[in-house]
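S.K.: Place chain B on chain A using the hints.
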Amino acid sequence: MTRTLVIANQKGGIGKSTTAANIGRALTEQGYQVLLIDLDPQGGLSAALGVDSYDVQFGSHIFLLHDSAPIYRVSQRIGDNLFLMPASLHLTVAEIQLARRTDAVIRLRDALERQPPPVDFIIMDTPPTLGILTANGLVAADELIIPVQCQYLAMRGVRTMMQAMQRLQKNVNPSLQLLGVLATLYQAESLHSQEALGEMRSVFKQRMFETVLAYDDIMAEAPVAGKSIIDYAPTHPAAHAYRALATEIINRGN
Amino acid sequence: MADNDFQRASMRGLGKKILLGDESVESTESVESAAPIPEPTPDDPAVLKLTADEELDLLATVSTSISTAPQHTAPKQQALPPPELDMPPVANLDGETLPLTDDLQSLVADAYETADQISIDTEAIPPLEDESPSFVALNPMDVELPSEVAALVDENFETWAESAPSPVNPPKSEPQSPPIASTPAPAERNELSHMLPLIAGWVVAILVLIYQLLKDTRRDEENEE
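Protein chains in written order, with this note's numbering: chain A, 260 to 513; chain B, 101 to 325.
Only chain A is shown next, with the shape it has when bound in the complex (with noise of 0.2 angstroms):
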């Protein structure tokens, strides 16, 4: 059965972009086959695997809009077993036209389910805000993933998002589950830091992903390259951890 994960926090630059292009590709790793998809119109998805946003023509706003548009025409093929739908910067425009539909939040899950691929695992990345975009992406999924850095301002967002998943399981989607709260940016040397994970695993306790992602300037290297971590730097622990966080999400969904 596929599995249809979303990851959200209206945080930015929390890492949300570069978990779903590592996820994926270490998902690939064992054999699996994973579409993503970009649900942001800064296409950080989309960018972190070398597909410029400037210049998709056919993504993840054409799906989202033509109910006629072939999944396997928006889609291109990033590595073995790996599919991205990538984002354009139409996407914003497409946000504000689904914004007057009465369908506007169940389009993707309604094209997902009318063109359903033949993947493992559908892996959506979603813009960092809880609009229209966001919405369609925990609509069409059964399991969120809400990373957060290990920082107090951005620990506060998850409470809105809590809410948000809340609200659509009781109204659109009953079937969303928390899959886990991933901590993210994390920095051992930091005493805020570590006070940080220690309370959101007091709060989150088993919802909590043992992985912890470091902060690392591999995070940002990687995406030059046009390339995954799993991809840039096979051995560098950041690459183990994402490995070690798709082991943890293939576990937790048996």
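No lab work stands behind these hints, which were simulated from the structure alone.
The beta carbon of each residue, even a glycine, is placed where N, CA and C say it ideally should be.
Incorrect hints may have been included.
Claimed, not checked - Derived pair list, reagent style DMTMM-like, types lysine to aspartate or glutamate, alpha-carbon separation capped at 20 angstroms: (1) A:K464 to B:D122; (2) A:K486 to A:D476; (3) A:K486 to A:D339; (4) B:K116 to A:E469; (5) A:K429 to A:D401; (6) A:K486 to A:E448.
To be verified - Label-pair distances were calculated between CB atoms; the ranges are: (7) A:T419 to B:R112: 16 to 26 angstroms; (8) A:Q436 to B:P297: 50 to 60 angstroms; (9) B:D105 to A:R359: 51 to 61 angstroms.
Unchecked claim - Here are some, though not all, of the chain A residues that point toward chain B, as calculated from beta-carbon distances under 7 angstroms: (10) V417; (11) R418; (12) L456; (13) E458; (14) S461; (15) V462; (16) R466; (17) E469.
M.R.: Relative to the frame of chain A, chain B by itself:
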């Protein structure tokens, strides 16, 4: 700047409040107990050093300032006019009554009347097509891909069509036939709609020709007779 010139704010015990907004959680260690602030020493440059004479002068100056300072007294409250209780009451939204003057009443009445007339001008909202033609034109069914690009895309994704989900990982639901298979493509529909006036024109022209031929034939026959 000294390293410890502030008390470090700690998040210990605040996780639930920060992450879930649970106001019942009280901060017990919101401010970590830092090292006690040391008592100032005579050598501390922050301590003001005065001689005995300077201290006496300072005391005298302060005493004089206090004695000559204007006395602060509470300002007298001006007597407010008594409320006019004979104003006509107007029911507010909660069903209570508020005294309003005639002017205010007429203002309120006008506001209610105006509110009834307000309506949303839907025509002012531009249709989707008018907003961004360049974007609307991006319908993949309307855009012809260069043959080499289309071939590349199809080649890349041929496995999608072939690779049926494994029994271990069946798809979420039964794959449905693509909607485009059952309905004509927009491009085809557009072509047909453009052809209709042309076909109608030709039909009319042929009918006119036939009519003219019949008319001429009849006239020739009449002339011969």
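S.K.: Now tell me, hint by hint, if it's right for this structure.
M.R.: Outcome of the hint check:
Between the alpha carbons of A:K464 and B:D122 the distance comes to roughly 16 angstroms, so the proposed pair stays at or under 20 angstroms and holds. With a CA separation close to 14 angstroms, the supplied pair A:K486 and A:D476 stays within the 20 angstroms bound. Pair hint A:K486 plus A:D339 holds up; C-alpha atoms about 13 angstroms apart against a cutoff of 20 angstroms. Under the criterion of a C-alpha separation no larger than 20 angstroms, the hint pairing B:K116 with A:E469 is consistent with the structure, at around 19 angstroms.
For the hint pairing A:K429 with A:D401, the CA-to-CA distance comes to about 14 angstroms; that is within 20 angstroms, so the pair holds. For the given pair, A:K486 sits about 28 angstroms from A:E448 by alpha-carbon distance, which is inconsistent with the 20 angstroms threshold. Here the CB-CB span from A:T419 to B:R112 is close to 23 angstroms, well matched to the stated 16 to 26 angstroms. At about 56 angstroms, the beta-carbon gap between A:Q436 and B:P297 stays in the expected band of 50 to 60 angstroms.
Roughly 55 angstroms separates the CB atoms of B:D105 and A:R359, a value that falls within the hinted 51 to 61 angstroms. With 7 angstroms as the threshold, the beta carbon of A:V417 comes within range of chain B, its nearest partner Cβ sitting at about 5 angstroms, so the hint holds. Interface hint status for A:R418: upheld, as the beta-carbon distance to the closest one in chain B is roughly 4 angstroms, under 7 angstroms. Taking 7 angstroms as the C-beta contact cut-off toward chain B, the hint placing A:L456 at the interface is violated, the least distance being around 10 angstroms.
At its closest, the beta carbon of A:E458 sits 3 angstroms from a beta carbon of chain B; the interface hint therefore holds under the 7 angstroms criterion. Contact between A:S461 and chain B, as hinted, is supported at the beta carbon level, the nearest pair being about 5 angstroms apart and thus within 7 angstroms. Checking A:V462 against chain B: minimum C-beta separation of about 5 angstroms stays under 7 angstroms; hint holds. This hint is violated: A:R466 has a C-beta 11 angstroms from the nearest C-beta of chain B, more than the 7 angstroms allowed.
For A:E469, the suggested interface contact is broken, since its CB lies about 17 angstroms from the closest CB of chain B, more than 7 angstroms.
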